[in-house]
Amino acid sequence: MTAAPIKPGTNGAPAVSGAAAEAAPLLEVHNLVKHFPVRGGILNRVVGHVHAVNGVSLTVKRGEILGVVGESGCGKSTLGKLVLRLIEPTSGSIRFDGTEITGLGHAEMMPFRRRMQIVFQDPYSSLNPRKTVRMMLREALKFHRVVKSSEIEATIDELIRKVGLRPDAKDKFPHEFSGGQRQRLGIARALALRPEFIVCDEPVSALDVSIQAQVLNLMMGLKEEFGLTLLFISHDLKVIEHFCDRVLVMYLGHVVEEMACERLHNEDGSVGALHPYTNALLGANPIDDPDERRPLTVLQGDVPSPYDLPKGCPFAGRCPRAMDKCRSEMPPLVERPTIGNGAASHKVACWAV
Amino acid sequence: MTAVDDVSFDLAAGETLGIVGESGCGKTVTSKSIMRLLPERTSFIKPGSRVLLRTGGRDRGDGLPPEVDLATADPETMRKVRGARVAMIFQEPMTSLNPVFTIGWQLDEALRYHTTLGRRERRARAIEMLKLVEIPNPERRIGEYPHQLSGGMRQRVMIAMALCCEPDVLIADEPTTALDVTIQAQILQLMEGLKKRLNTAIVLITHNLGVVAQVCDRVLVMYAGRVIESAPVRELFHAPRHPYTKALLESIPKTGRKEHGKRLPTIEGIVPSLYDLPKGCRFHERCSMAKERCIAEEPALVAGEDGRQVRCHYPLGVPATLTVGVTA
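Residue numbers (the working numbering), protein chains in the order written: chain Y, 1498 to 1850; chain A, 263 to 590.
Please note that the accuracy of each hint is not assured.
Said to hold, decoys possible - Below, simulated DSSO-like cross-link-like pairs (lysine-lysine); rule was C-alpha separation at most 27 Å, straight line: (1) A:553 with A:508; (2) Y:1844 with Y:1822; (3) Y:1558 with A:516; (4) Y:1628 with Y:1578; (5) A:524 with Y:1558; (6) Y:1659 with Y:1628; (7) A:516 with Y:1844; (8) Y:1667 with Y:1558; (9) Y:1628 with Y:1645; (10) Y:1659 with A:524; (11) A:508 with A:541; (12) Y:1639 with Y:1578; (13) Y:1578 with Y:1558; (14) A:553 with Y:1844; (15) Y:1844 with Y:1578.
Note that these hints are calculated values from the structure, not bench results.
Note that the structure is predicted; figures quoted are calculated from it, not measured.
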């Protein structure tokens, strides 16, 4: 018995790229908010809230890779978990393939769980150490009844091969693999259910450069082969620029800029991003050319605590271009018509640009 | 198991040497061997190894001879060297700072041991060091515990601790790896400033080639416990001689529009285990240019006339005559 070829789920999307991606959005998020309560005092009352995600809206088209970048604590991982409903949002709407999924019950959510998957940063802590690869993949395939039970073994073989592992990997435990191989397992686990949408939460951050390149290439190949749509979370703008179609720059739970990755740098190498924070991120990234030594952009201070958000623009405290207005009023995320930009949307939340 | 095999380098005052390589290549073991921080029960430095520290430049009244071999020095001498002459910054500030003491106490420790300053003077010095690494409110922070600081601040405290005795050599083991880019930029700028002010020699261990390009003078590339190439930073980036160095440089995502969405060149396979090293060149299984000779015999580290070193039978960009001369 041969396994049915792995392809995306029921209403399988054709492998789209570039211009064809004008199709209907697969994921639409509107005004998503997540506050975590902070308890304290002898009665353990709620004494405040950590504002992890503050009114984020985004759209991911079918076949697109949307990057989310920001420093630790900016809410990018929380955002990834929210759109999969691994945690419940405080408010806001999440539409997946036209269906509002925020209010769905456990059973109603089940088909969506199969269609939306996640790859975590640390594949070691996200894989069960007591299960072999075969057991792990079989469980997922059985539970969601992705293939007939007679086809399960063949499907597992196929998955292992697809992510570039040797066939004998099937009967090994997670600890027997290197970091890069474990990340391949994480990808195999996500792919097993033939999802349409995968959230990749810092999938290459813990890997060495040469392994990082292998895993990125693997993901790009699988994305094209299965017509996947990805939300790619990373703190490394270089990886995002290389890998994604569009990028969302987050700071303290807010989106401060949203643009096509191609526009991050202009033809002449100058920076095409507008928000001072995006510019700071680009400027702080050391260039790997000793002839282009330059003082790195150094922002003063640390990211403010999301427990106690400043009034006005969240970035105002560290921004080299901050004005009085920035400290009192939150700038809205608005479309910037840029010259020669064509149809690509470019949104910035800043009073100074 | 030999974790680090025949690693040699010189470092002058005011110079920054970068040691790069992937996990498990022996970068950290090299630095810990210099400091003699590896557990003596389970590991040893091979007799005949030498780590010469020339202390001649500055007299500190610590009674050290002008030249000390750290590989064989007795514990008493090592105590005088560690923290005062040679200091180290570790990758993980949370595990290297003691959680049950205030940062002031920990800063004070080195001063207490290595200087004759009184209690008030030491406190003033500790505050001054915290100011130097740009910690806001040092008078208040000095009484706080490591968990009360952010990751970037903890790393800056580590740097302040390492520098409070103004060491001649600073070994920084992945000092910015766990940090955000904006904080990384702050730390790098800080280290650069301190080098200029105190003429400290720095060994910067990292796997981030961008950081190397920006701050190092010379680079040592390591692979599976061996130095495979050593060169001044510009030459290394523009004309790498070892195929591994070249492949490593190519596999970094590049900024700019031209590269967007392309496949990255990769190095196939993974770093060999040190328990099971391949015969011949340690890189031959992953090398796109490997020939029969690479499988049969391990190349020696050969110094060129231009002061560069490479461990390869068929180095890139080297005229054939030179290669022949090497074989002879």
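Checklist line | Restraint check for residue 1558 of chain Y with residue 516 of chain A, where alpha carbons must lie at most 27 Å apart | finding: Within the cut-off at roughly 26 Å; holds.
Next item on the list: Assess, step by step, whether the Cα of residue 508 of chain A is no farther than 27 Å from the Cα of residue 541 of chain A, and give holds or violated.
Entry: Holds - the C-alpha atoms of residue 541 of chain A and residue 508 of chain A are around 22 Å apart, at most 27 Å.
Notebook entry, point to check: Between residue 1659 of chain Y and residue 1628 of chain Y, is the straight-line Cα distance small enough, at 27 Å or below?
Noted result: 20 Å, holds
Next item on the list: Measure nothing beyond the straight line between the CA atoms of residue 1659 of chain Y and residue 524 of chain A; if it is 27 Å or shorter, mark the hint as holding.
Entry: At roughly 20 Å apart (the allowed maximum being 27 Å), residue 524 of chain A and residue 1659 of chain Y satisfy the hint.
Item checked: 27 Å Cα cutoff - pair residue 1578 of chain Y, residue 1558 of chain Y -> 19 Å, holds
Next item on the list: Verify the proposed pairing of residue 1844 of chain Y with residue 1822 of chain Y, using a straight-line Cα cut of 27 Å.
Entry: 19 Å, holds
Next item on the list: Starting from residue 1667 of chain Y, check that the Cα of residue 1558 of chain Y is at most 27 Å away, please.
Entry: Between residue 1667 of chain Y and residue 1558 of chain Y the Cα gap is close to 34 Å, so the pair fails against 27 Å, i.e. violated.
Notebook entry, point to check: Is residue 1628 of chain Y within 27 Å of residue 1578 of chain Y, Cα to Cα?
Noted result: Holds, at roughly 24 Å.
Check: Quick one, are residue 553 of chain A and residue 1844 of chain Y close enough, alpha carbons at most 27 Å?
Finding: Between residue 553 of chain A and residue 1844 of chain Y the Cα gap is close to 53 Å, so the pair fails against 27 Å, i.e. violated.
Notebook entry, point to check: Are residue 1639 of chain Y and residue 1578 of chain Y close enough, with their CA atoms no more than 27 Å apart?
Noted result: With a Cα-Cα distance of about 24 Å, the restraint between residue 1639 of chain Y and residue 1578 of chain Y holds, given a limit of 27 Å.
Checklist line | Pair hint residue 524 of chain A and residue 1558 of chain Y, alpha-carbon separation not exceeding 27 Å | finding: Since the Cα atoms of residue 524 of chain A and residue 1558 of chain Y sit roughly 20 Å apart, the hinted pair holds (cutoff 27 Å).
Check: Taking 27 Å as the top limit, are the C-alpha atoms of residue 516 of chain A and residue 1844 of chain Y close enough?
Finding: Measuring from Cα to Cα gives roughly 24 Å; hence the hint holds.
Of the numbered hints listed earlier, those contradicted by the structure are 8 and 14.
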